[in-house]
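Colleague: Each protein sequence line maps, in turn, to chains A and B.
Counting in this note's numbering, the final residue of the first sequence is number 363, and the numbers go up one at a time with none missing.
Counting in this note's numbering, the final residue of the second sequence is number 324, and the numbers go up one at a time with none missing.
Treat the hints as calculated values from the structure; they're not laboratory data.
Values in this document were obtained by computation on a predicted structure and should not be read as measured data.
From the three backbone atoms N, C-alpha and C, an ideal C-beta is built for every residue, glycine too.
There may be inaccurate statements among the hints.
Between beta-carbon pairs, the in silico distance windows are [claimed, not checked]:
(1) A/K12 <-> B/K115: 22 to 28 Å
(2) B/K147 <-> A/I34: 47 to 53 Å
(3) B/E128 <-> A/F289: 26 to 32 Å
(4) B/K147 <-> A/L337: 50 to 56 Å
(5) A/V314 <-> B/E10: 47 to 53 Å
(6) A/S276 <-> B/E128: 17 to 23 Å
(7) A/E195 <-> B/K115: 28 to 34 Å
(8) A/F289 <-> B/K28: 54 to 60 Å
(9) A/K359 <-> B/E10: 20 to 26 Å
(10) A/F289 <-> B/E10: 55 to 61 Å
(11) A/K12 <-> B/G21: 41 to 47 Å
(12) A/I34 <-> B/Q163: 45 to 51 Å
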Amino acid sequence: MASFNRVIADLKVFVRGYTRNKVGLFFSLVFPIILILLFGAIFAGGGGPVNVYVQNQDGGLASTMFLKYLNNNSTTTVTLVANGQDFSQFLLAHSANQGVFIPENFTNEYISHQSVNVTVYSNPADTSSPIVVETVGSIISQMNLQGAQVMYHVGVQQDNIKSQSYKYIDFLIPGLIGFSVLTSPMFSLVNISSEYKKTKLFKQLSLTPLTKTEWLTSKIIWYVVLGMISFVIMTQVGAALFGAHLDYALMIIPFLIIGPLFFVSLGMLVGTISKSVESAAVVGNLITFPMMFLSGTFFPVSQMPMYLQNVAHVLPLFYMIDGLNQAMIYNNFGQALFDVEVLAVLSVIVFVLAVVFFKWRED
Amino acid sequence: MSAIEVLALEKSYGELKAVDGISFSVTKGEVFSLLGPNGAGKTTTIEVLEGLRQRDAGQVKVLGDDPWTKGYDLHKKLGIIPQGFTFFPKSTPREAVIYYATLFGVKVDPDEILKKVILEDASKIWFENLSGGQKQKLGLALALVNKPDLLFLDEPTTGLDPQARRNMWEVIRGLEKEGHTIMLTTHYLEEAEVLSDRVAIMNHGKIIIDGTPKEISEKFGSGERLEVRGDEKLADHVRQKTGLEVSYDKGLVSVRLRDKSEAVSALSSIDQSGLPWSDLRTRQDSLEDIFVRLVGGTIEEEGTFSQASGAGPQDKGTRAKEER
Ligand SMILES: Nc1ncnc2c1ncn2[C@@H]1O[C@H](COP(=O)(O)OP(=O)(O)OP(=O)(O)O)[C@@H](O)[C@H]1O
Ligand SMILES: [Mg+2]
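Isolated chain A, as found in the complex (with noise of 0.2 Å):
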């Protein structure tokens, strides 16, 4: 019996007072942009190949050729340093991250198989040293192998694939947009759910012909188009900024339409449980704000320790920021469908919960 018209009617004077509400705007359009200026401004700045400083005390030909490696590719470069200095002494006076020691017999031991190792300094804090320890690994089995004189089957393009568009900014501009979905539908919708539960307004509404399913469909309606305009926002500023290289698949659609629904109804689910418009910001706020840092918003879900990363498989919200990863960097349209179906599974869920529990009276 739903009505598109009244589903009309009541998207209209929503969005009236929405746009009419000038913070709820800058909440939902202009914070996000200020989050990618921040967060593209602190970590876009060491844009290029990460330095590594190197004591090379070897000299020899297995040196070269490592250090050959090291800083012919896209990812790092290195910086000499000389060999009578103390060298973790200098990487502290340098404040410097990462760096790599070469001890003197290494092209020696190399050759007569025996074995050696070079010391990678890095910063557990910094996020660079990863991508410097993880090149040192590869180009030291690279020179295992070789010294194993075993036969290539498989090799290494040094092409770098697409790794070399992968900055931070890519996986942020995703992240924030899943951010804001995420945002400004629970935010508002619980406090709208509750608020209008005390005025009593939702009870003024039962006494007209809306139905709760088409006041939660103009809300809907409503956070997909906002969620739409943010993106585009987002991505425009994302790219022009800080050159964010970004695809723009069918595949982000759904993506964008599930997304909304799924936070409107929990917002609404949310805000229809609880007793008052207090408690139920607490609950907003307790959902929201592990949801928000743990889903790979701010930076990539792979980077934190496996029992968070354990937590952010049960958060929804972590599907969304995957399967937009996977389809605007990754392009792997497989793993964002199955995040598209997950996120879909339990908005029907929740969509569902939220109109049960929704009560326009009393009894």
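Since the structure of chain A is already known, use the hints to place chain B with the ligands on it.
Modeller: Relative to the frame of chain A, chain B with the ligands by itself:
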């Protein structure tokens, strides 16, 4: 034919019996007032009739239907101002009327409706910026959008200043003339007397009296009162000397007369007291006197007791309270 039929209606909130077995009926074209102090059970009663609350016991028919089970269809025929009417803060009255018209699927001229409730001057002001009286009028305008057969107005003038209240009465009287059936609740005796064909006085979930204002006065009124301006000492003096029922309120000493001869003894005791007094008059016992006597003067809003005096400042107090 009855627009509303209520028989032995009961509704409790936990231990509290908010409505305790009341019965009444409202015929078509009639204006019926439920009059009572705070917490009497007026809103509970009216919400049961509107289908917003489920009753515990009793029978209720509104326009021939059970409002709880047939609410959705019934609402298309009802116009309702809930107690403490609110709307979306950033919508204008004009937008609100158009919104309701679309929801009800009716064609209306928003300006005409706003004019009818004397709100046309504020048609483009956001709801949050409207005055209390304008908000209530918007409530009434929305209640009229679907051309209802029956109007429920829960405290349509609470919190309004005397001017705005009279203004609202004007509008409601206009609706009466058009033949609308109206049930309203109020704390204001004057309002019930002025607006309604029939009144039921409610307290502690029960209807104490029910009838036309005139019937109630005749049945429960004591007839006449003798009143003079004076202080509380004078009131005490007269009470002691004559043994009559004497009330005192804001400089007015009022003696209830059961018999003409009592007027003489009352007057002579006033004279003998040696205390200053003035403005002697007699008047018919009003609905107000009966109400105060029956309800026991337990109304919080004292301003509603005296018709002319003191209503202004008292009203401000009420309003501030409601706005928290
Ligand atoms: N939802 C509720 N839960 C518990 N008690 C309630 C509820 N609603 C009303 N009551 C209680 O029921 C009694 C009757 O309330 P009701 O609102 O019907 O009174 P009223 O006559 O409309 O009062 P007022 O003039 O203040 O509006 C009051 O004591 C009130 O505290
Ligand atoms: Mg009430």
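Colleague: Next step is simple, just say for each hint if it's right about the structure.
Modeller: Tested hints:
no.: 1; hint: A/K12 <-> B/K115: 22 to 28 Å; in the structure: holds, 23 Å
no.: 2; hint: B/K147 <-> A/I34: 47 to 53 Å; in the structure: holds, 50 Å
no.: 3; hint: B/E128 <-> A/F289: 26 to 32 Å; in the structure: holds, 30 Å
no.: 4; hint: B/K147 <-> A/L337: 50 to 56 Å; in the structure: holds, 52 Å
no.: 5; hint: A/V314 <-> B/E10: 47 to 53 Å; in the structure: holds, 48 Å
no.: 6; hint: A/S276 <-> B/E128: 17 to 23 Å; in the structure: holds, 22 Å
no.: 7; hint: A/E195 <-> B/K115: 28 to 34 Å; in the structure: holds, 32 Å
no.: 8; hint: A/F289 <-> B/K28: 54 to 60 Å; in the structure: holds, 57 Å
no.: 9; hint: A/K359 <-> B/E10: 20 to 26 Å; in the structure: holds, 22 Å
no.: 10; hint: A/F289 <-> B/E10: 55 to 61 Å; in the structure: violated, 46 Å
no.: 11; hint: A/K12 <-> B/G21: 41 to 47 Å; in the structure: holds, 46 Å
no.: 12; hint: A/I34 <-> B/Q163: 45 to 51 Å; in the structure: holds, 49 Å
Of the numbered hints stated above, the single one contradicted by the structure is hint 10.
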